[in-house]
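Just so you know, the protein sequences line up as chains E and X, in that order. Note that UniProt numbering numbers the first sequence so that position 145 is 145, with each residue one more than the last. Note that UniProt numbering numbers the second sequence so that position 11 is 11, with each residue one more than the last.
One should not assume that every hint holds.
Said to hold, decoys possible - Derived EDC-like pairs: lysine to aspartate or glutamate, alpha-carbon spacing no greater than 16 Å straight-line: (1) X:K215 x E:E182; (2) E:K167 x E:E224; (3) E:K90 x E:E49; (4) X:K49 x E:E103; (5) E:K152 x E:E182; (6) E:K96 x X:E44; (7) X:K172 x X:E81; (8) X:K215 x E:E224; (9) X:K179 x X:E199; (10) E:K138 x X:E170; (11) X:K196 x X:E170; (12) E:K79 x E:E35; (13) E:K117 x E:D93; (14) E:K236 x E:D186; (15) E:K208 x E:E194; (16) E:K9 x E:D69; (17) E:K96 x E:E141; (18) E:K79 x E:D139; (19) E:K90 x E:E143; (20) E:K138 x X:D53; (21) E:K90 x E:D69; (22) E:K206 x E:E224; (23) X:K210 x E:D12; (24) E:K206 x E:D162; (25) E:K138 x X:E50; (26) E:K138 x E:E182; (27) X:K215 x E:D69; (28) X:K46 x X:D32; (29) X:K210 x E:D127; (30) X:K172 x X:E199; (31) E:K96 x E:E143; (32) X:K156 x X:E143; (33) X:K215 x E:D240; (34) X:K46 x E:E103; (35) E:K36 x E:E49; (36) E:K36 x E:D48.
What the hints assert, rightly or not - Pair ranges (Cβ atoms, derived): (37) X:V104 x E:N46: 22 to 28 Å; (38) E:D148 x X:K46: 32 to 38 Å; (39) X:Q145 x E:D139: 29 to 35 Å.
Since the hints were derived computationally from the structure, they do not count as laboratory data. Predicted model only: the values in this text are computed from it and were never measured. Virtual Cβ for every residue (Gly too), placed ideally from N, Cα, C.
This is what each chain is made of:
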Amino acid sequence: MMQSCFKNKIGDVVLPGDIFSFELPVTEDGSVKAEKIICGPGLRRNGDEVLVCKSGILRHKQPNLYWIDSQQKRYVPAKGESVIGIVTAKSGDIFKVDVGGSEQASLSYLAFEGATKRNRPNVQVGDLVYAQFIIANKDMEPELVCIDSNGKANGMGVFGADGFLFKVSLGLVRRLLAPQSEIVKDLEKLFPSEIVVGMNGCVWVKAKTVQQTLIVANLIESCENMTAQQRQALFKRVADGNL
Amino acid sequence: MEVELCPILRSFGSEQNVLSRPDGSASFVQGDTSVLAGVYGPAEVKVSKEIYDRATLEVVIQPKVGLPSVRERAREQCIRETCEAALLSTLHPRSSLTLILQVVHDDGSLLACYLNAACMALIDAGLPMSSLFCGITCAINTEGQIITDPSVQQEKESRALLTFAIDSVERKVMMSSTKGSFSVKELQQCIAVSQKASEEIFQFYRDSVKRRYSKIM
């Protein structure tokens, strides 16, 4: 049975080359009852089998979604994901944005809130943008936009001055972005700070002072390889003022 | 001639994510042989090396001293072809994958150690693969005995030296590199011994990846 075969592996570490094969349950009248599952990142269908192609932890979401949660550093653009990019070039009516993928993404100057042919957005080379992928697949150049489907900025656009940008692993980014993230909850208690997390591993932090900004940045970086207890112990020491 | 049923490997170990700059890295130690591997990619590719339907894989071997020579080039090719067979490079067309292997110390079975370090680094980089692979070196000495994972001294005294890359799904030979003379029977025995030895290495891969993820389980 498809579900049961997967179920006892949920939360386990799987390696590339692991295969899940299924015996379809046959009902009384002899017909095969098919079951649908959705394979997320790291899983591929190969005929009647499901092939693991990335190492990591097998995760499951109701009702039938399965994927591999892996710690990697290199970002591969995916449609709909929000990222922090660095504008690297301006050419005619598009900007080139470095998002850390294999190719630079393009960003149209019209893809900003309130932008028209007359009223160009003020974007310079070197600026940071928070944007969303509207086109991202392996065969095409990825394309970003800074507006949602209603033409509103919705939090996206060019970053203001100051703040601090650094890169972490994609696994940590996903842990930061998870709803009810423990790390974010613990951080909130320390300093009031503004944190922007891009799915490409970029994190932008701004706190009241430069010193606090750097502390928050270092704390986030150190969360990479710590258990919950270790993290809470460290955060407590920071809160007490002795690093 | 007796077939050695439980192949003896020197003690081996590995560490993943040892370097901060590459997208994936690993060190692999077999006895006194040690290799450091770094993987970059999928990254931007030079137009001249671009392949329209798959990723371009480049393997570079850095010897301990001096510049890479013909021997390194030949080994680079062996490793590249093994990695290409294991990687699902069609999932990242028009991009480049670069694998750098730095020799830290050579005490025999170097090609096998390259392969193991490469596989660990590819796992660390999270590149899509259809299977894992490992490298095993067998030496046949003058008495016709098969020695797995030989040291430099044992390699020197051997009549033939065979290195195989074994895949983790079907335990089949992906690549073989041989030196010296041996009979067909000896070749088959070496393959059988390597397949047996590969199980130990694949179990090690699984255990070390498990350890790596233990903190975020």
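Outcome of the hint check:
1. With a C-alpha separation of about 14 Å, the suggested pairing of K215 (chain X) with E182 (chain E) holds against the 16 Å cut-off.
2. About 11 Å separates the Cα atoms of K167 (chain E) and E224 (chain E), which keeps this hinted pair within 16 Å; it holds.
3. Between K90 (chain E) and E49 (chain E) the alpha-carbon distance is near 47 Å, which puts this suggested pair outside the 16 Å criterion.
4. The hinted pair formed by K49 (chain X) and E103 (chain E) meets the criterion: a straight-line CA distance of about 15 Å does not exceed 16 Å.
5. With a CA separation close to 30 Å, the supplied pair K152 (chain E) and E182 (chain E) exceeds the 16 Å bound.
6. At roughly 14 Å between alpha-carbon atoms, K96 (chain E) and E44 (chain X) fall within 16 Å of each other, so this suggested pair holds.
7. Proximity of K172 (chain X) to E81 (chain X) is assessed by CA-CA distance (about 15 Å); at most 16 Å being required, the pair is judged to hold.
8. This hinted pair checks out: K215 (chain X) and E224 (chain E) have alpha carbons roughly 9 Å apart, not beyond 16 Å.
9. Between K179 (chain X) and E199 (chain X) the alpha-carbon distance is near 24 Å, which puts this suggested pair outside the 16 Å criterion.
10. Straight-line distance between C-alpha atoms of K138 (chain E) and E170 (chain X) comes to about 29 Å, which puts the hinted pair past the 16 Å bound.
11. As the CA atoms of K196 (chain X) and E170 (chain X) are separated by approximately 12 Å, the hinted pair is consistent with the 16 Å bound.
12. A hinted pair counts as satisfied when its Cα atoms are at most 16 Å apart, and K79 (chain E) with E35 (chain E) does not qualify at roughly 27 Å.
13. Of the pairs offered as hints, the one joining K117 (chain E) and D93 (chain E) holds, with about 9 Å between alpha carbons and a cut-off of 16 Å not exceeded.
14. Between K236 (chain E) and D186 (chain E) the alpha-carbon distance is near 9 Å, which keeps this suggested pair within the 16 Å criterion.
15. Of the supplied pair hints, the one linking K208 (chain E) and E194 (chain E) holds, its CA atoms being roughly 9 Å apart against a limit of 16 Å.
16. Note on K9 (chain E) and D69 (chain E): the hinted pairing holds, with a Cα-Cα distance of about 13 Å set against a maximum of 16 Å.
17. For the given pair, K96 (chain E) sits about 11 Å from E141 (chain E) by alpha-carbon distance, which is consistent with the 16 Å threshold.
18. For the proposed pair K79 (chain E) and D139 (chain E), the alpha carbon gap of about 13 Å is at most 16 Å, so the pair holds.
19. Annotation: proposed proximity of K90 (chain E) to E143 (chain E) holds, straight-line Cα distance about 15 Å (limit 16 Å).
20. Restraint check for K138 (chain E) and D53 (chain X): satisfied, since their Cα atoms lie roughly 10 Å apart, inside the 16 Å limit.
21. For the hint pairing K90 (chain E) with D69 (chain E), the CA-to-CA distance comes to about 36 Å; that exceeds 16 Å, so the pair is violated.
22. Our distance criterion of 16 Å between C-alpha atoms is broken by K206 (chain E) and E224 (chain E), whose separation comes to about 20 Å.
23. For the hint linking K210 (chain X) to D12 (chain E), the alpha-carbon distance of about 8 Å falls within 16 Å, and the restraint holds.
24. For a cut-off of 16 Å, the pair hint linking K206 (chain E) to D162 (chain E) stands: about 7 Å separates their Cα positions.
25. Annotation: proposed proximity of K138 (chain E) to E50 (chain X) holds, straight-line Cα distance about 14 Å (limit 16 Å).
26. Restraint check for K138 (chain E) and E182 (chain E): the C-alpha separation of about 34 Å exceeds 16 Å, so the hint is violated.
27. This hinted pair checks out: K215 (chain X) and D69 (chain E) have alpha carbons roughly 13 Å apart, not beyond 16 Å.
28. The suggested pairing of K46 (chain X) with D32 (chain X) is violated, with an alpha-carbon distance near 37 Å, which exceeds 16 Å.
29. Our distance criterion of 16 Å between C-alpha atoms is broken by K210 (chain X) and D127 (chain E), whose separation comes to about 40 Å.
30. Only pairs whose Cα atoms come within 16 Å are accepted, and K172 (chain X) paired with E199 (chain X) is accepted, the gap being roughly 12 Å.
31. For a cut-off of 16 Å, the pair hint linking K96 (chain E) to E143 (chain E) stands: about 9 Å separates their Cα positions.
32. With a C-alpha separation of about 14 Å, the suggested pair K156 (chain X) and E143 (chain X) falls inside the 16 Å cut-off, and the hint holds.
33. The straight-line distance between the Cα atoms of K215 (chain X) and D240 (chain E) is roughly 25 Å, outside the 16 Å bound, and the hint therefore fails.
34. For the proposed pair K46 (chain X) and E103 (chain E), the alpha carbon gap of about 11 Å is at most 16 Å, so the pair holds.
35. Taken as a hint, the K36 (chain E) and E49 (chain E) pair is honoured in the structure, with Cα atoms around 13 Å apart against an allowance of 16 Å.
36. Taking the CA atoms of K36 (chain E) and D48 (chain E), the gap is near 12 Å; set against the 16 Å cutoff, the hint holds.
37. Between V104 (chain X) and N46 (chain E) the Cβ separation comes to about 38 Å, which falls outside the hinted range of 22 to 28 Å.
38. For the pair D148 (chain E) and K46 (chain X), the supplied restraint of 32 to 38 Å holds, since their beta-carbon distance comes to about 37 Å.
39. A hinted range of 29 to 35 Å for the beta carbons of Q145 (chain X) and D139 (chain E) is inconsistent with their spacing of about 54 Å.
Taken one by one, the earlier hints fail for this structure at numbers 3, 5, 9, 10, 12, 21, 22, 26, 28, 29, 33, 37, 39, listed in ascending order.
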